[in-house]
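Going down the list, the sequences are from chains D and F. First residue of the first sequence? That's 1 in the UniProt record's numbering, and the numbers climb one at a time after it. First residue of the second sequence? That's 1 in the UniProt record's numbering, and the numbers climb one at a time after it.
Keep in mind that a hint or two might mislead.
[What the hints assert, rightly or not] Computed cross-link-like contacts, DMTMM-like style, restricted to lysine to aspartate or glutamate with a CA-CA straight-line distance of at most 25 Å:
no., chain 1, residue 1, chain 2, residue 2
1, F, Lys-93, F, Asp-127
2, D, Lys-39, F, Glu-435
3, F, Lys-333, D, Glu-190
4, F, Lys-333, D, Asp-97
5, D, Lys-115, F, Asp-149
6, D, Lys-83, D, Glu-125
7, F, Lys-180, F, Asp-169
8, F, Lys-76, F, Asp-149
9, D, Lys-208, D, Asp-261
10, D, Lys-83, F, Glu-246
11, D, Lys-83, F, Glu-247
12, F, Lys-333, D, Glu-125
13, D, Lys-217, D, Glu-104
14, F, Lys-333, D, Asp-261
15, F, Lys-251, D, Asp-77
16, D, Lys-121, F, Glu-247
17, D, Lys-83, F, Asp-256
18, D, Lys-115, D, Asp-77
19, F, Lys-176, F, Asp-127
20, D, Lys-121, F, Glu-246
21, D, Lys-255, D, Glu-211
22, D, Lys-31, D, Asp-261
23, D, Lys-115, D, Glu-93
24, F, Lys-333, D, Asp-77
25, D, Lys-255, D, Asp-214
26, F, Lys-83, F, Asp-169
27, F, Lys-251, D, Asp-101
28, F, Lys-333, D, Glu-104
29, D, Lys-31, D, Glu-211
30, D, Lys-152, D, Glu-211
31, D, Lys-115, D, Asp-44
32, D, Lys-121, F, Glu-435
Rather than coming from a laboratory, the hints here were simulated on the basis of the structure.
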Amino acid sequence: MNLMTDTKLQQALETSVDDKTDELIKMQGRKVTVHYGYKQALFDIDLDIRENQVTALIGPSGCGKSTFLRCLNRMNDTIAGAKVGGMITLDSENIYDPRIDVVELRARVGMVFQKPNPFPKSIFENVAYGPRIHGLARNKADLQAIVESSLKKAALWNEVKDRIHEPGTGLSGGQQQRLCIARAIAVSPEVILMDEPCSALDPIATAKVEELIDELKQNYTIVIVTHSMQQAARVSQRTAMFHLGYLVEEGPTEKMFTNPDDKRTQDYITGRFG
Amino acid sequence: MTDATLERLPVAKAPARRDIGLKRRYAAERRFRFYGLAAISVGLVFLAVMLLSIFGKGYTSFVQTSVLLPITFDQKVIDPQNKRDSDPNVLVKANYPVLAQRALAERLGISPTDKPQMAALKGFVSDGVRTQLRNMVVADPSLIGTTKDVWVLAGANIDSAFKGQIDLDVAEGNRKVSDKQVAWMNQLRDQGVMEGKFNTGLFTFGASSRPETAGVGVAIVGSFYMMLIVLVLALPIGVAASIYLEEFAPKNRLTDIIEVNINNLAAVPSIVFGLLGLAVFINFMGLPRSAALVGGLVLTLMTLPTIIIATRAALAAVPPSIRSAALGLGASKTQTVFHHVLPLATPGILTGTIIGLARALGETAPLLLIGMVAFVADYPTTPLDPSTALPVQIYMWANEAERAFVERMSGAIIILLVFLMAMNITAIVLRRRFERHW
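Produce the complete structure using the sequences and hints provided.
Below you can see the structure in the form of structure tokens.
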């Protein structure tokens, strides 16, 4: 794969070597299967998500990467007829255990969607909604502080601080997506799931979001689904390749893009199919 | 530079034009536009004819001919034996029309002993003076023995003649006002004591067999009670049912059957709902007949499917991405619905509700079956008292033979139309406001 320049590759290699000593597993999938009605969408996926790293899920359309992502915060529960099997753990707790509260899980595992979907409310209300329903702010000043720090973390504060009470839907596409990221951050999740967060954005907005993802990984564990090989190479430390509902292979990003074990991975990242 | 390049190159030759049916396509387009315009024109013409005929017949009902009479509250007529302190009924039973007749005779310069002339005065002033003068005296007995100028209503035929609705070229025996009455009418008009005044009675009177004292007051109160009951019952029940069906209920055979049946209910003729109300609310539950409560319940049954269908459509129109966003933040299903989906659906729900209410306001058939087609002269104080409704009042007046009732009927239609228009405008205004807010 020649999309990564040598220097970037070198950097990626170095960071991953540095991290290797204290890598922890945040989420773990074992024999995960998903059925939509009679159709099986995922077959026995075994995948580890490492803490404070960006894990990219790649693969051709319909390969099940979004389905797997949606298993991680049980968003598949909302789809009629979807059935999840196997086990997924968050900090070694099974998230499909009946004792686990799905509302609490989603507060710990936030999500950013493919299309920016701000609420048709003000920018402030968008970010404040999560902390408000979870009772994270004791008073108004608290809430304002949370909103401000979330918008700052999402690198949006400087652009919107003068119009924080204007509708969030009036922002540009890229700003809307960063608003959605700020909204997810405001709940202080441990893991952030991103489902093709840049597919509706132009290259400049994409660059900003990618920069943001790189910064966020210091505090959060990030799982990102992407169709763009360059994006996976740029932002992720580990990459998992899906195909037709199976996990083809998983490994450090630089290895996946330079020396994959599986021929399908090789073919996909060089653009021979997909 | 570019120009030079352009000049140097040979220009491509256009190939022979193909016939791709442009003429035919444009003709089809023009034809279709014409059909559309024609359809709209036909609709507009019918609307204009309807409105013109209603307003043309009805606008005169907002004016009522009145006569200014110097009424002498003669104690000899009202209370000959001076017993009013011991028996208050004396004031109620007194022969008040005589007072008006005498005052009129005095105005016209007719001697009270001239029997034939006095007989011809009958019907010149409305019999409604009986209640009008009685109420004055009962409220203030000190009026007895004094003379006061009072505007009293003219009789229905005099009113029609004064408004020019009776053809005076017809032979005297074939019309309802005599030449003598016409002469008196002109005399009073010339004196400036007979004129058309704004008809407040149309809005305040209840049912009456005399057109000049008949009004839609009771019907408006009845309709108001019913709308209140429909709003209070149908809106919460309808919205709750829709939210459950649309957001919470599992999609299975049972909910499919419920959905089909709700759609069918919306198509059930309203008279069937009337029969249902008669059987269930009056016969089985023993609620009073002719009561606005029963009418409101029946109209609620009728309006529910409309509201449910409109609300479900409004809920389904909220983009799923909003639901995902809220759920992804850890909002519960109920929070998602009440914080995000329902507010976004509110404009649609409001519109559906007001359209349902407007339909209920104009509904007549079911009310006939539960006995609301009744002669109700007294205002209902609670929804359990007998009352009528605006459309039923129109129906009853349409059955009357007198010319003056036709006028009243058109007036009542105008009032009903104004209410409906006000409701629709409210719907539009509320909708705009909510849409701007979100």
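Verification of the supplied hints:
no. : hint                   : in the structure
1   : F:Lys-93 to F:Asp-127  : holds, 14 Å
2   : D:Lys-39 to F:Glu-435  : violated, 41 Å
3   : F:Lys-333 to D:Glu-190 : holds, 22 Å
4   : F:Lys-333 to D:Asp-97  : holds, 19 Å
5   : D:Lys-115 to F:Asp-149 : violated, 79 Å
6   : D:Lys-83 to D:Glu-125  : violated, 34 Å
7   : F:Lys-180 to F:Asp-169 : holds, 14 Å
8   : F:Lys-76 to F:Asp-149  : holds, 19 Å
9   : D:Lys-208 to D:Asp-261 : violated, 32 Å
10  : D:Lys-83 to F:Glu-246  : holds, 21 Å
11  : D:Lys-83 to F:Glu-247  : holds, 19 Å
12  : F:Lys-333 to D:Glu-125 : holds, 19 Å
13  : D:Lys-217 to D:Glu-104 : holds, 22 Å
14  : F:Lys-333 to D:Asp-261 : violated, 44 Å
15  : F:Lys-251 to D:Asp-77  : holds, 14 Å
16  : D:Lys-121 to F:Glu-247 : holds, 22 Å
17  : D:Lys-83 to F:Asp-256  : holds, 22 Å
18  : D:Lys-115 to D:Asp-77  : holds, 20 Å
19  : F:Lys-176 to F:Asp-127 : holds, 17 Å
20  : D:Lys-121 to F:Glu-246 : holds, 23 Å
21  : D:Lys-255 to D:Glu-211 : holds, 22 Å
22  : D:Lys-31 to D:Asp-261  : holds, 21 Å
23  : D:Lys-115 to D:Glu-93  : violated, 31 Å
24  : F:Lys-333 to D:Asp-77  : holds, 11 Å
25  : D:Lys-255 to D:Asp-214 : holds, 19 Å
26  : F:Lys-83 to F:Asp-169  : violated, 51 Å
27  : F:Lys-251 to D:Asp-101 : holds, 24 Å
28  : F:Lys-333 to D:Glu-104 : holds, 13 Å
29  : D:Lys-31 to D:Glu-211  : violated, 33 Å
30  : D:Lys-152 to D:Glu-211 : holds, 13 Å
31  : D:Lys-115 to D:Asp-44  : violated, 29 Å
32  : D:Lys-121 to F:Glu-435 : holds, 11 Å
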